[in-house]
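*Asks:* What follows is each chain in one-letter form.
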Amino acid sequence: MLTRRDFGKTGAAALTTAFGFSLVPAQAAVRELKISRTTQSRSVCPYCAVGCSVIVHSLGDKARNVRSSVVHIEGDPDSPVNRGTLCSKGISLKQFVNSDRRLTRPLYRAPGGKEWQAISWEEAFEKMARAIKGSRDRGFVERDEQGRTVNRLENIVMMGGCTDTNEINYLLSKFRFGLGLLPYENQSRL
Amino acid sequence: MTPTVVKLIDTSLCIGCKACEVACQEWNDQEFTIGTFGGTYQTMPDLAPNFWNLIKFNERETDGGLSWLMSKYQCMHCGDPGCLRACPAPGAIVQARNGIVDFVSDNCIGCGYCITGCPFDVPRLSPETKKVYKCTLCSDRVAVGLEPACIKSCPTNCLSFGERTEMLRVAEKRASVLKTDGYAEAGVYNPPGVGGTNVLYVLKDVADPVSYGLPKDPTIPWSVVLWKGPIKWLGTLLLAGGVLGSFFHYLKFGPKHEEADDDEPV
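Chains as they are written, first to last, in our numbering: chain A, 1 to 190; chain B, 1 to 266.
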């Protein structure tokens with residue numbers, strides 16, 4: 001039974017709603033931060049020679065049945081190189097990591113062949129070691145024209161990359177001097 | 001009290017690298033739609049529902065040369081937002097206490113009135129979702145104390161972010177430096193017609209914002225002001241008057257009685 005008081009209340013409510021006063025309380029919605037539960041890993045941008053540091057945000061707690069995925073990459077403020085900033089290429093690194101065309105395993109193309117074929121890492125190391133050994137055996141110079149001992153190798157070039165760490169560069173130098181390799185360049189200078 | 005946050009754009013430092021554009025796309029997980037080449041270095045001719053931040057490569061001819069007037073085209077987060085005034089859907093557009101004007105898609109009804117209300121022509125209606133989108137000033141990041149994605153990426157320090165009074169001071173200081181550097185007209189773009197904007201620009205020529213693609217003295221369209229102000233109240237009054245009138249009419253004259261039809265056979 002609708003009493004007179006109830007009629008007044010509902011009537012007023014219906015009227016105000018009809019006239020554009022919402023009786024629903026306005027709620028302030030805060031957008032969800034997509035990196036609130038991510039794992040942060042430090043890395044270096046692989047593009048140019050500046051070598052900006054980045055923070056890779058990945059989702060997934062690395063539990064056994066979970067596959068992590070990279071959800072966001074942004075600049076690392078701790079790096080003196082870029083202090084958190086990135087260029088248009090660096091800031092798009094997430095697409096680089098998640099691209100289905102990204103190379104994640106060794107591919108081999110036989111001499112004269114047209115097709116790339118996937119091979120195992122063992123096979124790849126074996127082939128590289130064989131090729132280096134072959135070239136070195138052919139091109140190693142023990143003595144120069146004047147008969148001086150030089151023990152140098154001129155038919156292999158070593159190329160370093162801008163994302164190589166001090167430790168990698170130390171090992172590269174060891175490797176290079178071990179072979180007697182002279183031509184040596186780094187992407188950072190190009 | 002929550003401080004008002006401000007994005008400061010020093011256009012004299014922009015090199016057009018577009019890092020802020022990509023940072024915006026990346027943070028908001030928006031797929032880029034490949035457009036057409038328009039004869040400039042600009043990424044897109046205009047903003048889009050999935051593209052909220054555009055660096056405009058405004059060209060101005062100088063004596064024997066060409067100068068680029070870079071400007072960052074995105075939501076200005078006005079102090080008195082025209083979009084919010086025009087919006088008929090409760091909760092679809094919110095102005096946070098820190099000054100951020102944000103669109104809440106769940107409440108958006110896709111009427112597009114905010115597009116009419118915006119003096120800077122920023123909101124874009126998506127034909128797929130029938131909802132309107134624009135820059136959020138990364139309200140999600142700002143809420144947890146991070147700076148917006150575009151600010152963080154900028155490699156030339158052209159973009160900075162902070163509390164309003166502090167950023168106004170920084171902007172004025174930078175403008176005075178530009179003045180001593182030979183840009184006599186340098187100044188801060190903070191149009192009072194929309195209650196000031198929480199996106200500030202330092203322009204080399206503040207007397208001519210139009211050449212930067214920014215409106216001179218923008219105001220909320222008078223149609224929106226009238227329609228959401230006096231006209232709305234007048235209409236409400238008229239409607240209420242009509243309802244009250246019929247109520248008192250009923251009290252005085254009672255219900256309408258049908259006259260018995262005598263001709264009808266029984």
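The set of hints was computed from the structure by calculation and includes no laboratory data.
In this text, all values refer to a predicted model and were calculated from it rather than measured experimentally.
C-beta atoms are modelled at their ideal positions from N, C-alpha and C, and glycine is treated no differently.
Certain hints may be false.
[As the list claims (entries may be wrong)] When the alpha-carbon atoms are kept at most 30 Å apart in a straight line, the in silico DSS-like pairs for lysine-lysine are as follows: (1) B:K232 x B:K131; (2) B:K130 x A:K34; (3) B:K232 x A:K94; (4) B:K216 x B:K179; (5) B:K131 x B:K256; (6) A:K34 x A:K89; (7) A:K34 x B:K232; (8) A:K127 x A:K114; (9) B:K232 x B:K130; (10) B:K131 x B:K252; (11) B:K256 x A:K94; (12) B:K130 x B:K256.
[Said to hold, decoys possible] In silico contact screen, one side only, chain A against chain B (beta carbon under 8 Å); selected entries: (13) V97; (14) I132; (15) K174.
*Asks:* Now, for every hint given, state plainly whether the structure supports it.
*Replies:* Taking the hints in turn, this is what the structure says about them:
Only pairs whose Cα atoms come within 30 Å are accepted, and B:K232 paired with B:K131 is accepted, the gap being roughly 24 Å. For the hint pairing B:K130 with A:K34, the CA-to-CA distance comes to about 24 Å; that is within 30 Å, so the pair holds. Distance check on the hinted pair: B:K232 and A:K94 sit about 49 Å apart at the alpha-carbon level, beyond 30 Å; violated. Pair hint B:K216 plus B:K179 holds up; C-alpha atoms about 21 Å apart against a cutoff of 30 Å.
Simply put, B:K131 and B:K256 have alpha-carbon atoms about 47 Å apart, too far for the 30 Å limit, and the pair is violated. About 21 Å separates the Cα atoms of A:K34 and A:K89, which keeps this hinted pair within 30 Å; it holds. Restraint check for A:K34 and B:K232: the C-alpha separation of about 40 Å exceeds 30 Å, so the hint is violated. Restraint check: the Cα-Cα separation between A:K127 and A:K114 comes to about 18 Å, which is no more than 30 Å; the hinted pair holds.
Between B:K232 and B:K130 the alpha-carbon distance is near 26 Å, which keeps this suggested pair within the 30 Å criterion. As the CA atoms of B:K131 and B:K252 are separated by approximately 49 Å, the hinted pair breaks the 30 Å bound. This hinted pair does not check out: B:K256 and A:K94 have alpha carbons roughly 74 Å apart, beyond 30 Å. Proximity of B:K130 to B:K256 is assessed by CA-CA distance (about 47 Å); at most 30 Å being required, the pair is judged violated.
With a cut of 8 Å, the hint placing A:V97 at the interface with chain B is violated, because the nearest CB-to-CB distance is about 12 Å. Here the hint on A:I132 is broken, as its CB sits about 40 Å from the closest CB of chain B, past 8 Å. A distance limit of 8 Å between C-beta atoms decides the matter here; for A:K174 the minimum to chain B is near 35 Å, and the interface restraint is violated.
Of the numbered hints listed earlier, those contradicted by the structure are 3, 5, 7, 10, 11, 12, 13, 14, 15.
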